[in-house]
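Residue numbers (our numbering), protein chains in the order written: chain F, 1 to 350; chain Z, 1001 to 1350; chain G, 2001 to 2350; chain A, 3001 to 3350.
I should point out that these hints are in silico values taken from the structure, not numbers from a laboratory.
Misleading hints may appear alongside valid ones.
Okay, the calculated beta carbon distance ranges per label pair [to be verified]:
hint	chain 1	residue 1	chain 2	residue 2	range
1	F	Gln257	Z	Leu1095	50 to 60 Å
2	F	Asp338	G	Tyr2118	48 to 58 Å
3	A	Ala3147	G	Gly2043	42 to 52 Å
4	Z	Gly1336	F	Gln284	39 to 49 Å
5	A	Arg3282	Z	Ser1305	36 to 46 Å
6	A	Pro3111	F	Met84	43 to 53 Å
7	Z	Pro1063	F	Gly229	55 to 65 Å
8	F	Gly189	G	Gln2044	25 to 35 Å
9	Z	Pro1063	G	Arg2306	57 to 67 Å
Only a predicted model underlies this, so the values are computations on that prediction, with no experimental measurement involved.
Each residue gets a CB set at the ideal place from its N, CA and C atoms; glycine is no exception.
Listed below, chain by chain, are the residues.
Protein chains: 4
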Amino acid sequence: MNNKKLKIAITGSTGYTGGELYRLLLQHPAVTVTAVTSEKSAGQPITTIFPHLAGLTELLCEPLDPDIIAKKADFVFLALPHVMAQDAVYRFHVLGKKIVDLSADYRLSDPAVYEQWYEHSHRYPELLKIAVYGLPELHREKIKKSALIANPGCYPTGAILGLAPIIKEGWIDPKSIIIDSKSGVSGAGRSSSLAYHYPEVNEGLMAYKIGTHRHTPEIEQELSALSGGQVTISFTPHLIPMNRGILTTIYASVLKQADSGRVHALYQKFYRSEPFVRVLPRDQFPNVRNVRSANFCDIGVTVDSRTGRVVVVTAIDNLVKGAAGQAIQNMNLMMGFDEIAGLKCAGLFP
Amino acid sequence: MNNKKLKIAITGSTGYTGGELYRLLLQHPAVTVTAVTSEKSAGQPITTIFPHLAGLTELLCEPLDPDIIAKKADFVFLALPHVMAQDAVYRFHVLGKKIVDLSADYRLSDPAVYEQWYEHSHRYPELLKIAVYGLPELHREKIKKSALIANPGCYPTGAILGLAPIIKEGWIDPKSIIIDSKSGVSGAGRSSSLAYHYPEVNEGLMAYKIGTHRHTPEIEQELSALSGGQVTISFTPHLIPMNRGILTTIYASVLKQADSGRVHALYQKFYRSEPFVRVLPRDQFPNVRNVRSANFCDIGVTVDSRTGRVVVVTAIDNLVKGAAGQAIQNMNLMMGFDEIAGLKCAGLFP
Amino acid sequence: MNNKKLKIAITGSTGYTGGELYRLLLQHPAVTVTAVTSEKSAGQPITTIFPHLAGLTELLCEPLDPDIIAKKADFVFLALPHVMAQDAVYRFHVLGKKIVDLSADYRLSDPAVYEQWYEHSHRYPELLKIAVYGLPELHREKIKKSALIANPGCYPTGAILGLAPIIKEGWIDPKSIIIDSKSGVSGAGRSSSLAYHYPEVNEGLMAYKIGTHRHTPEIEQELSALSGGQVTISFTPHLIPMNRGILTTIYASVLKQADSGRVHALYQKFYRSEPFVRVLPRDQFPNVRNVRSANFCDIGVTVDSRTGRVVVVTAIDNLVKGAAGQAIQNMNLMMGFDEIAGLKCAGLFP
Amino acid sequence: MNNKKLKIAITGSTGYTGGELYRLLLQHPAVTVTAVTSEKSAGQPITTIFPHLAGLTELLCEPLDPDIIAKKADFVFLALPHVMAQDAVYRFHVLGKKIVDLSADYRLSDPAVYEQWYEHSHRYPELLKIAVYGLPELHREKIKKSALIANPGCYPTGAILGLAPIIKEGWIDPKSIIIDSKSGVSGAGRSSSLAYHYPEVNEGLMAYKIGTHRHTPEIEQELSALSGGQVTISFTPHLIPMNRGILTTIYASVLKQADSGRVHALYQKFYRSEPFVRVLPRDQFPNVRNVRSANFCDIGVTVDSRTGRVVVVTAIDNLVKGAAGQAIQNMNLMMGFDEIAGLKCAGLFP
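All chains, full assembly: derive it from the sequences and hints.
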């Protein structure tokens, strides 16, 4: 039975995203994980790193050697740090594997922009050209035909989905966009440091990397494509004392007479066929608790007539629609599976 | 396709247990929820009460009228407050429905004990006689043949599973048992009160109902049956600032020369075929984070030779193995489904 | 010894603000609390409502009868719900008492604006004229001479202090102001409701009252006075899973060539003599954890040259600088005490 | 004015205990901190390490050189890791300084027991003989005359205070004692590691070091002295997702006919003159939230007649009565200050 299933490798499997990929893939009907890599934990059972998986897998971690991994798996999820993913993607690509890369390395189509924000040059500009930005709501058809998907960042997923309908329609001033995001701590990864030591974070709240966060160019790239001109945004991420979730509050000046009713209708229409975007009823706004562990992006939208601004609020689980869930949604599209396979679950509440 | 599926009703569907039943049943391959009841929310979509279910169901809440519900469903989960469940169980039973009752009303086989702890008489003592205490690890064969299951309380599940191997074997002094439990706040239900107002609970910690909690007689009933004599325990529950999870720390005096190795081996043997009990490797102890959203009970055990006491620690998700998950495990047994159907998922971490 | 101390009454003493007033006043060298009122808890010791005060006071709650309270106290803090405070303030004022009113009833100088946002008429417009908005950093001299202070709201305190230097100087476009605030749950008060039930809030995050929060006109009133013209703002509050603290992130378009250095210098100069405002070093931004339990407002500021926007972040403890601490600071000014008396404490970290 | 104040040095000042000592000493009327040491942060302002102290001190950290520190300070708090404190205490002692050592190095009077549990020999057994265990409720008179105080561990403070009255009176079986403690995360110190990384701890709960925690011999030493015979205890610490606080639940078999009323009266009598122990009214039990930031130990006690066991629950703030607050209480006694000076503050709630 498992012989017919798609064989999957997860590289960089010991971070939170790797663990979440494994959790979600375990409930996918058409795949089986056959390799997990970790340099640091090579030889150890993955359940030593992730005791919540105990009883569900007996895989051992192994070093990341693409030639060896390629013999064990036909589809590769890369959850490596940026810069490190450049080579790994290249090698798996040359070996003919289908890839979803969860790093930032193949998201920015312009290598100069990559170099500016990530302070490293890109060694595979030709590969950049064929990589597709894996936001299904915008690029579904391209994703279906692609062998290399750059999975969007967590913040960009919530920001772009929140703005796509209205910026595409030209109803807002693209110079006026302000994106204020609030993320749970798992977004910072699983490497311990004083900054994420429990008593430092709990009962605390701060903004960070104001105007300088690396997800900025990714958001601008996609919004620019939608608007048809260069878009520059203000983006401020914040660290919230919770495990999961990103709430993004977006402000922009409305250009024409678009009141709350019209804007809400626009969003409903834009996303009416999307399996994982829930536009909430008018005057309702999302809460990250309702998307925890689920692949949904919940959206609420209103126009404040006092100020002439639209306010959009989006909620995602940063590890699911913001990472592993979206990666699997991309895999489903690339493989011709049902797009919702393994993903159409309710969130965990409370 | 859905026509062939088992039709399920959830009564008292607007509490946390009701919501969790719904979430889990949505991923069960052989059932479909056809009715949800709530007096207070009758006429409203269940997704108004539980926005995390939006997009996954369009059911409306209806009042609890057993005659009407019985026409819509063949299997009933009752998630009503105790005392209230007495009648509802009776009526569905008379109507020939299979029932898992998640209240306390049918857990205590002796109506006098029920009356003593719940301060109400039991109106259906004859039904008590046929109700089976739904802890599959102890009563699997009886459950398979039963039409009325009393689903165990959350605390008793962790406490009884933690003691069953060693008390059955007679290795501990049954007079020496102390059970110190720590629960997340969802265990208190979804009715708001000052006691569970966020700022009152967060960054707080307390014991409550010391020696008087109503789960005490349920634990004693099962331990007495296992030991073959009357067992009286000290039981102290505590309220922990987290949403889900119960950690139970159990102390008892070891009667014979049973060191950590022998006791650990006993637990491994006792639970080796159990799909939802994970006895951890020696010198490892459970953390509720590893069972969050999952139906597992994780167990660690050691003997402290300085004091001659065994210390057992168990972890469950109070809403899953401690309520809704165990209820579905019971349904699977009652209906002849695979016992793990819809339940063999990894926990959510982090 | 206590005879020489200023006698204080706290009305509405059983909410979080009332409790915090009591905690802070206990460490004030020149005052003594002689009366606490609560209709609901009349006759009970205040320590029944606030066990953390046990051993420090033996006062009993009493009903709010201004004639009786006025005989026991010479200074009154009113921590009543809005609308209810209108009369109470009037009666204590007529009785010749000095008052700090922590409700919203006397903050808006224009009764029409009050009526528009609070949906009640103001019965004492003449009293509104003499009430002073109690933000010492802006109105210190008026406060010193006043007998009736309207203590600012929690959100307005962080928002106004964050904008005062730059709007007064005319360096930003007053039409471009966006204020995105994040508050701990104690800001919602001590009345339990499902919305603030622990499992509903914990691991959750949402925006609320977008564009319609009642603190909006208060912020606009003060910013308009500083700018010399009508200012209309976008204001969005968010609920954060923590007990205390407000972080406010403010965006505005810079009108002239004001880079980060110049703007930072402006803030340092503006607040250099303020005992409770800490302008952080350049490129540092505040965290609410550093002001927990303290009367400080921490401020960080930068200019994003890519977008031409200034971003200001402020942090306060909503119950201290955002309520009780500021009220005591006002009392100190009104009574000629040292402004920092009882307030110059370090925050509680962690 | 400051010239007349006692000059204080804090060594190892960059951990949570060091920071808390500083916070509390800032509000002490008779002392001034003149030196803070940290090897790692030497030369940096202490406010760089603890931004919550900004505006309240301008001290720079310096290396720990006892000869230099001794010229700046007359009283030394040592907040160094165990083993490291051995020498530092010795050197300050030789230099004639009064010392409160917050490490474990001078708590165990028997150097063999120290070596057994801490796996290092004790190089200053003669100094051990003059060190006094600094629990004022038990050793007040000795503390007053001592120049070297070993400040109790956080867990032992709550455990010993919870048992002292009843074990001294001989009302319990000393072989039956079980101590189940639950601690906030600040107890683990400020060194980051994966174990205390926010998403690993939040929404988690576990027991650790079951039967092997190093605070065990310290508890046994004091209980043995009170009981007049060797006492061996079961002690299990747990990690709770909150910043501060220890709740300790204690079980023991009552030897004679001591019901709840008599036992409660015994506790009231034993602690009636203690400024920092609050025995709660009968049938009430403590919550750590009521002692947060305060030097109180709250105690509740009951006898469960079903099992013949006394259950005692105590609550402290691990950084205050469990560390820095108790250290200052000891200093007050050693210096002849009012015992409550700088400490008689209400806790922070919420």
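Verification of the supplied hints:
{"no.": "1", "hint": "F:Gln257 <-> Z:Leu1095: 50 to 60 Å", "verdict": "59 Å, holds"}
{"no.": "2", "hint": "F:Asp338 <-> G:Tyr2118: 48 to 58 Å", "verdict": "53 Å, holds"}
{"no.": "3", "hint": "A:Ala3147 <-> G:Gly2043: 42 to 52 Å", "verdict": "51 Å, holds"}
{"no.": "4", "hint": "Z:Gly1336 <-> F:Gln284: 39 to 49 Å", "verdict": "43 Å, holds"}
{"no.": "5", "hint": "A:Arg3282 <-> Z:Ser1305: 36 to 46 Å", "verdict": "38 Å, holds"}
{"no.": "6", "hint": "A:Pro3111 <-> F:Met84: 43 to 53 Å", "verdict": "51 Å, holds"}
{"no.": "7", "hint": "Z:Pro1063 <-> F:Gly229: 55 to 65 Å", "verdict": "57 Å, holds"}
{"no.": "8", "hint": "F:Gly189 <-> G:Gln2044: 25 to 35 Å", "verdict": "50 Å, violated"}
{"no.": "9", "hint": "Z:Pro1063 <-> G:Arg2306: 57 to 67 Å", "verdict": "59 Å, holds"}
Checked against the numbered hints above, the structure violates only hint 8.
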